[in-house]
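A.B. asks: Residue numbers (our numbering), protein chains in the order written: chain A, 36 to 488; chain B, 16 to 268.
Hints in this document: simulated from the structure, not taken from any laboratory.
Each statement offered as a hint is correct.
Straight-line Cα separation of at most 25 Å, SDA-like style, residue types lysine to any residue; simulated pairs:
| id | chain 1 | residue 1 | chain 2 | residue 2 |
| --- | --- | --- | --- | --- |
| 1 | A | Lys-483 | B | Arg-47 |
| 2 | A | Lys-267 | A | Asp-372 |
| 3 | B | Lys-212 | A | Glu-418 |
| 4 | A | Lys-135 | A | Gln-114 |
| 5 | B | Lys-187 | A | Arg-164 |
| 6 | B | Lys-187 | A | Gln-90 |
| 7 | A | Lys-68 | B | Leu-120 |
| 8 | A | Lys-175 | B | Gly-210 |
| 9 | A | Lys-92 | B | Ala-171 |
| 10 | A | Lys-267 | A | Lys-402 |
| 11 | B | Lys-212 | A | Ile-170 |
| 12 | A | Lys-92 | B | Arg-190 |
| 13 | B | Lys-187 | B | Glu-221 |
| 14 | B | Lys-205 | A | Ile-477 |
| 15 | B | Lys-187 | A | Pro-171 |
| 16 | A | Lys-91 | A | His-103 |
| 17 | A | Lys-175 | B | Glu-220 |
| 18 | B | Lys-95 | A | Glu-300 |
| 19 | B | Lys-95 | A | Pro-295 |
| 20 | B | Lys-101 | A | Glu-290 |
| 21 | A | Lys-169 | B | Asn-192 |
| 22 | A | Lys-326 | B | Asp-207 |
| 23 | A | Lys-92 | B | Asn-192 |
| 24 | A | Lys-95 | B | Arg-190 |
| 25 | A | Lys-175 | B | Pro-209 |
| 26 | A | Lys-402 | A | Val-72 |
| 27 | A | Lys-483 | B | Ile-91 |
| 28 | A | Lys-483 | B | Gln-43 |
| 29 | A | Lys-95 | A | Ala-160 |
| 30 | A | Lys-483 | B | Gly-64 |
| 31 | B | Lys-187 | A | Gly-358 |
| 32 | A | Lys-393 | A | Thr-453 |
| 33 | B | Lys-205 | A | Ser-471 |
| 34 | A | Lys-91 | B | Cys-189 |
| 35 | A | Lys-169 | A | Asn-187 |
| 36 | A | Lys-95 | B | Glu-220 |
| 37 | A | Lys-302 | B | Met-96 |
| 38 | B | Lys-212 | A | Met-174 |
| 39 | B | Lys-51 | A | Glu-487 |
| 40 | A | Lys-483 | B | Lys-24 |
So the chains spell out like this:
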Amino acid sequence: MLQQIIFSIVTLGAFWWATQQFMKIRRNIFLGKDEEVSDDSGARWRNVLLIAFGQKKMFKRWIPAVLHFFIYAAFVITQIELIEIFIDGFFGVHRFFADKIGGLYTFIISFIEILSVLAFVATFAFLARRNLLKIPRFMKSEMTWWPKLDANLILFGELALLVGIFSMNGADVVLQGLDPEHFPDTGFLAISGWLGPLLFGGLPEGILVIIERFGWWLHLLTVLAFLNYLPKSKHLHILLAFPNTYFANLQPKGEMENMPEVMNEVKSMMGLTEDTGEMSMEEELPEFGAKDIFDLSWRNLLGAYSCTECGRCTAVCPANLTGKKLSPRKVMMDIRDRMEEVSTNLDSGHQKFIQEDKRAAGVSLSKENYDDGKSLFDYITREELHACTTCNACVEACPVMINPLDPILKMRRYEILTESAGPSDWLPMFTSIENSGSVWQIPDERVKWTQED
Amino acid sequence: MADLAAEGKKPEILFWVGCAGSFDARAQKVMRAFVKILNAAEIDFAILGNEESCTGDPARRAGNEFVFQMTALQNIETLKMYEVEKIVTACPHCFNTLKNEYPALGGNYEVIHHTQFLQGLLDDGKISIAGGAFEGKKITYHDSCYLGRANGIYEAPREILSMLDNELVEMKRCRTNGLCCGAGGAQMFKEDEPGDKRINMERVEEALETDAEIVAVNCPFCLTMMQDGVTANEQQEKVMVYDLAELIVNNMK
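Take these sequences, add in the hints, and give me the full structure.
C.D. replies: Printed below as a string of C-alpha cells:
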C-alpha cells in the first residue's frame, strides 16, 4: 500500500513537472515566426517512416548506425514493459500480464532482454567512442563541458536502466521458484532465465525481494528522470526527431525561400504591378532577414531543439573542414541556447526586458515587446555566417533533417538588407549586377564570347 | 534571340550562358564547345545575348534579396517577351535559380542542365562519340553542389562519362557526400574567412589521390576552383580539368 502511494506520487509528480517543461519548449518553438506547412502530407509521413522511424540517414555511417539502432530498438520495445510497470505500480499487483498472455509474455520480455543486451554493448561502445577513441566530431570547439557531460549522462542513464531491467527480471526468475504464488511464472526468459540463477541463485528470499524491488524502482526512476531531463538535454531528439522530420523542407535543397515583401517592392519600383504600391511614409521601415529567434521560422527553432549534437553536419562542412570558424552544429546549438535565454527572461516577467519605449505601468513582458539588448548575433559571429558556401552538405548529412543552412541565410539577409553591412568584397558584385547585369564589372559586351573561336 | 524574333521565328530552346560563360575566358571555351555540339546535333537554339542578365544567385545567397529580385524580375520580363518555354544552361547555379526560384516570381520554364541535355543527345543518337579516345585514361568526376545535392542530379554526368570509354574513378567524397569546390554561396566574390586551408585545395588533393588524368566538372565556377587547385599543386602538366561538354566535343564522330 505504502509502495503504491509513493509510486503514484512520484510518477504523477514527474509527469506533471515534465508537462510543465514540455509546454515551455512548445512555447519557445512558437516564439518563431508563423509558417504554414500543409503541403503533401503523404511525402511528409513517408519521411517520418523512413528517416525518423527507419533511421535511413543514420545508415550512411554503418558502425554508429547499428549501435544506435540497438539502443533505439531497445528503447522503443521497453515501453511495453513500462506499461506493465505502471499498472503494477498503481494497482499494487505484480507482473500483471504474465499469467494473462502466457507464451506471448515470455516472447515479449525475452525480446526486450535480447535488445537490452545489445543496447548495453552499444552504450559501452558509445562511451568508448566519446571518451577513449575521441572521434573528431565529438571533440570540436563547440563541444564544451556541458555538451560532453550531457552526452555521457545520457549514456550512464541508459546503463542504469539496463542494470535495473536485469536485476528486476533476474531476481524475479529465482523468486518464481521460491514463491510461485506472489511471483507468477514468466516462462524461460532469454537472458534472465539463465543469468538470474547464475547471479542470484541461492540467495535468501528477503535479499532477492530487495534486489527485485531495487531493479524495479531503478528502472522506473531512471525513466522518470530521463523524462524530466529531456527538455534540458540534447536527448530531446528522441521525441522531436519525429515532428522535425515531418515538417522538414520537401522542395529541392537548392531553392531559397522567396521574400514576397521584397519582390512586391521591387515589382512596384519597376512598374510591374498595377497597384499604386506607395509605401506610407509613416510606416516603420520593415526589418528583413533574421536578427533573433523571433525572426526565424518556428521550424528553425524546432530544428534547434531536435539537434542531438552528433556533428555529422560539421564533419562534412567544407568551411569547417578547412579550419574556418563555421560549424553548422554550433549554429543550431546557439539558436537553442538563445531560446533558453529568452525563455528564462520571459518567465522572469522583469520590466527590464521590455523595449524601453514600451515600458509602462500595466504593460507585461511578452514576445512582442521583448528586448534584452542581445540577439542571435551575440551567439553566432559574422565570420561564421560569411564562411558558408551554401553547399547543403550539412542539410544532407543531418539524420533528422535539420536545416542549418536556412538560419545562416536568414541572418545573412538581415546583415545585408537591414544593416547594410556584410563583407565589403561583395559590394562590387552587387553594384555590378545592378548596373550591368553581370557579376563582374567588365567593359566587354556580353555576346563577345560568340565572336571568337 | 532578338534577331530571330525580328524574323518572326521562335527557337526550340534558349541557351542560357550565364556570367561566367559570357566573361570568364576559361568558361567561354566551355560555352563554345557546347554550342559546337548543339550545332552538330542541329538543335534550333538561341541566346539572349546582351539582354541576358545575371540570374541573381550570388546576390541572393549573399543575402541581397533586392539585387536578386531586380535582376531576376528583369530576366523574367525578357523571357516573357520572347515567350521562352525551355532553357538549357551550362551553369548549375543558373540552372538552380531558373528552375527552382523563378517560379515563385512568376517565371515558369522547363530548365535543363547541359549535362542532362548532352545525355539526351547521346541517347537519341543525335551526336555520337568516336570510340577509344579516352581508352585506359582515368577520369574523376567532381559533383557540383548545385547540380548534385541541390537538385539531386548525379547520374546524367556519369552516364556521359561511361560513354567516353574511360575508367571513372570516384573520389572518396562523391555524389551526396561530394565536397564543395569552395565557390558557392557568393564565396567566389570574396576573400576566404580565416582558416587553415582553401576549400579547393582540400578538394583537389582528393582528386589527385585518385591518380586521374582528367578532372571532369559540370560548373564554370568549379572549373576555376579545381583548375586553381591543380595549378597550386603544380600538377597542371599532368592533370587536366575539363567540363563534360569539352570532353565530348573533341571526340565527336
